[in-house]
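Chemist: All chains should be modelled from the sequences, with the hints used to inform the complete structure.
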Amino acid sequence: MNISPLNVVLLVIIGLLAVGIYGLLITRNLIKIVLVLQILVKSAMLALVLAGKVGNNLGLGQSLAATVIVADTVVAVVGLALAVQVRRRFGTLDVADISTLRG
Amino acid sequence: MESYLYLILGLAAIVCAYRAMISTRLLSSILYLACVSAMVSVILYLLGAQQVAVIELSVGAGLVTVLMVYALSVVGDDARDLLSVIPKPLAILIVVLSAFFVAIMVFPLVEPPLDVTSFSLTVVLWQQRVLDVWIQIALIFSGVLGVLGLLSEREATPISHTERFADQIVGTSQEEVHS
Numbered sequence: 001m002n003i004s005p006l007n008v009v010l011l012v013i014i015g016l017l018a019v020g021i022y023g024l025l026i027t028r029n030l031i032k033i034v035l036v037l038q039i040l041v042k043s044a045m046l047a048l049v050l051a052g053k054v055g056n057n058l059g060l061g062q063s064l065a066a067t068v069i070v071a072d073t074v075v076a077v078v079g080l081a082l083a084v085q086v087r088r089r090f091g092t093l094d095v096a097d098i099s100t101l102r103g
Numbered sequence: 001m002e003s004y005l006y007l008i009l010g011l012a013a014i015v016c017a018y019r020a021m022i023s024t025r026l027l028s029s030i031l032y033l034a035c036v037s038a039m040v041s042v043i044l045y046l047l048g049a050q051q052v053a054v055i056e057l058s059v060g061a062g063l064v065t066v067l068m069v070y071a072l073s074v075v076g077d078d079a080r081d082l083l084s085v086i087p088k089p090l091a092i093l094i095v096v097l098s099a100f101f102v103a104i105m106v107f108p109l110v111e112p113p114l115d116v117t118s119f120s121l122t123v124v125l126w127q128q129r130v131l132d133v134w135i136q137i138a139l140i141f142s143g144v145l146g147v148l149g150l151l152s153e154r155e156a157t158p159i160s161h162t163e164r165f166a167d168q169i170v171g172t173s174q175e176e177v178h179s
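Residue numbers (the working numbering), protein chains in the order written: chain A, 1 to 103; chain B, 1 to 179.
The hints are simulated quantities; they were obtained by calculation from the structure and are not laboratory data. Bear in mind that the values here come from a model prediction, so they are computed numbers and not experimental data. Yeah, the Cβ is synthetic: ideal placement off N, Cα and C, and Gly gets one too. It is possible that some hints are incorrect.
[Unchecked claim] Label pairs and their calculated CB-CB ranges:
id	chain 1	residue 1	chain 2	residue 2	range
1	A	R89	B	D77	16 to 22 Å
2	B	V54	A	A71	15 to 21 Å
3	A	I98	B	S3	43 to 49 Å
Modeler: Listed below in structure tokens is the structure:
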């Protein structure tokens with residue numbers, strides 16, 4: 001079977017997306033949730049660059065990918081800061097333990 | 001030949017991502033995530049997005065890894081294998097369905113005619129999408145505030161599980177009195 005390189009990259013994107021969604025569904029540790037979000041965003045960033053490449057407008061794809069990298073880093077930083085404060089206050093990183101909602 | 005190169009790099013990225021997700025030790029997970037960033041950077045470079053590849057390598061594999069290791073050194077690695085939020089077979093079913101529907105939507109990759117006017121990254125970023133640059137600046141300031149939150153040494157008042165349990169019991173009894 002002869003498959004083009006761009007289709008291989010598309011398969012990689014779907015694979016990373018699947019791993020990220022699975023991790024998000026089964027993870028309860030706050031730091032690991034941030035980590036899994038990073039995997040998901042890497043998949044999206046790769047998809048943006050691939051779309052720019054396929055559409056013959058790689059500059060636009062790169063520009064959007066750069067914005068995604070900045071936003072992703074800020075999400076990681078704020079998420080980690082939140083995790084540190086939660087750990088100091090509740091003594092755990094388990095999202096089930098820190099839930100204060102009843103019912 | 002180029003397809004095999006993408007395939008090897010992609011498989012390595014997916015395996016590292018899976019190992020990062022299932023590893024019980026958080027430090028191992030963080031290092032695997034750095035490997036994913038490195039693999040994605042090489043794929044981006046091969047796709048022709050050299051600038052973004054460099055940014056991804058320095059930020060994704062460098063800055064984020066350092067921040068995560070620092071956060072881990074603050075909170076400690078308890079290395080517990082927590083039960084999943086939802087049953088694992090259900091999670092696998094959701095993932096398979098999601099991947100299947102995404103694959104149906106995007107495959108096969110159709111290349112459009114090459115009559116689109118292409119601009120360089122410099123022109124796009126500094127002339128056509130200036131608002132994105134301003135948003136990035138605002139986001140970076142938010143990130144700085146996040147780093148301050150991460151580095152703050154002020155200890156919050158810890159709430160013990162006994163106090164929370166007592167609080168819940170009091171809340172429940174008050175609801176019963178009202179009803």
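Chemist: Decide, hint by hint, whether the structure agrees.
Modeler: Tested hints:
1. A:R89 / B:D77: 16 to 22 Å: 19 Å, holds
2. B:V54 / A:A71: 15 to 21 Å: 18 Å, holds
3. A:I98 / B:S3: 43 to 49 Å: 46 Å, holds
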